[in-house]
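Line by line, the protein sequences are chains A and B.
As numbered in the working numbering, the first sequence has no gaps in its residue numbers, which increase by one up to the final residue, 110.
As numbered in the working numbering, the second sequence has no gaps in its residue numbers, which increase by one up to the final residue, 220.
Rather than coming from a laboratory, the hints here were simulated on the basis of the structure.
Treat each hint with caution, since some may be false.
Said to hold, decoys possible - Distance condition first, Cα-Cα at most 27 Å in a straight line; then the derived DSSO-like pairs of lysine-lysine:
#1 130/B x 112/B
#2 108/A x 17/A
#3 20/A x 218/B
#4 112/B x 129/B
#5 129/B x 218/B
#6 130/B x 2/A
#7 2/A x 19/A
#8 112/B x 2/A
#9 108/A x 20/A
#10 19/A x 112/B
#11 218/B x 130/B
#12 20/A x 2/A
No experiment lies behind these values; they were computed from the predicted model shown.
Number of protein chains: 2
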Amino acid sequence: MKIVRWDASAWAFSPDKLKKVGLFQTERFFLDLYCLEPGQSQTPHAHAGADKLYLVAQGRARVQIADEERTLVAGEGVLAASGEVHGLVNDSGERAVVLTFMSPPPPKNA
Amino acid sequence: MKIVRWDASAWAFSPDKLKKVGLFQTERFFLDLYCLEPGQSQTPHAHAGADKLYLVAQGRARVQIADEERTLVAGEGVLAASGEVHGLVNDSGERAVVLTFMSPPPPKNA
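Bound-form chain A, shown alone (with noise of 0.2 Å):
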């Protein structure tokens, strides 16, 4: 079997923009880690037919589903189900790092 870290040995950062390192990915769904540096943003947008799931595990972010915003800290979690908006981006001081699972995947990466 193969075991993937999760952890903060695997997160990784980018200067120039949110940093998204692949861990698991199958016909079904993906799992990634968003590594997000102070500034840094996903710009909000919809998926038809699937399903987010954000897990903040480690700082802060400030999510936005639908037409709502709140700042989630590491240990909370949030859905954007299928067809609504949904962003977020590190408007905090310190790195975020947010677990992010879609099932099923856009069809560019199935």
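Given chain A's structure and the hints, the job is docking chain B onto it.
Chain B only, in chain A's frame:
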């Protein structure tokens, strides 16, 4: 939006058997916390057409995937792909918590 906690404040244990704490459920996946006292287990089983992911969040668990067994510690995860026999046992002396993602969920949960 509904913010859900997945850290220690959400963990719950049963003296009788592995305790499953449901966090998220859609028609496309579920995410549970599996909370295991020492000696508790999930009996090996398989699902055709569904993938399961175990992410150890606390402690350690001995995981079986197909005919292989390995001990995973917090921060490690492993995929049981569709059809692969999988199960786990907390054979340590401490409590263990495992984030368990399954896509799609079993029909009885959908």
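Now the hints, each set against the structure:
| no. | hint | verdict |
| --- | --- | --- |
| 1 | 130/B x 112/B | holds (20 Å) |
| 2 | 108/A x 17/A | holds (20 Å) |
| 3 | 20/A x 218/B | violated (34 Å) |
| 4 | 112/B x 129/B | holds (23 Å) |
| 5 | 129/B x 218/B | holds (18 Å) |
| 6 | 130/B x 2/A | holds (25 Å) |
| 7 | 2/A x 19/A | holds (23 Å) |
| 8 | 112/B x 2/A | violated (33 Å) |
| 9 | 108/A x 20/A | holds (15 Å) |
| 10 | 19/A x 112/B | holds (26 Å) |
| 11 | 218/B x 130/B | holds (15 Å) |
| 12 | 20/A x 2/A | holds (20 Å) |
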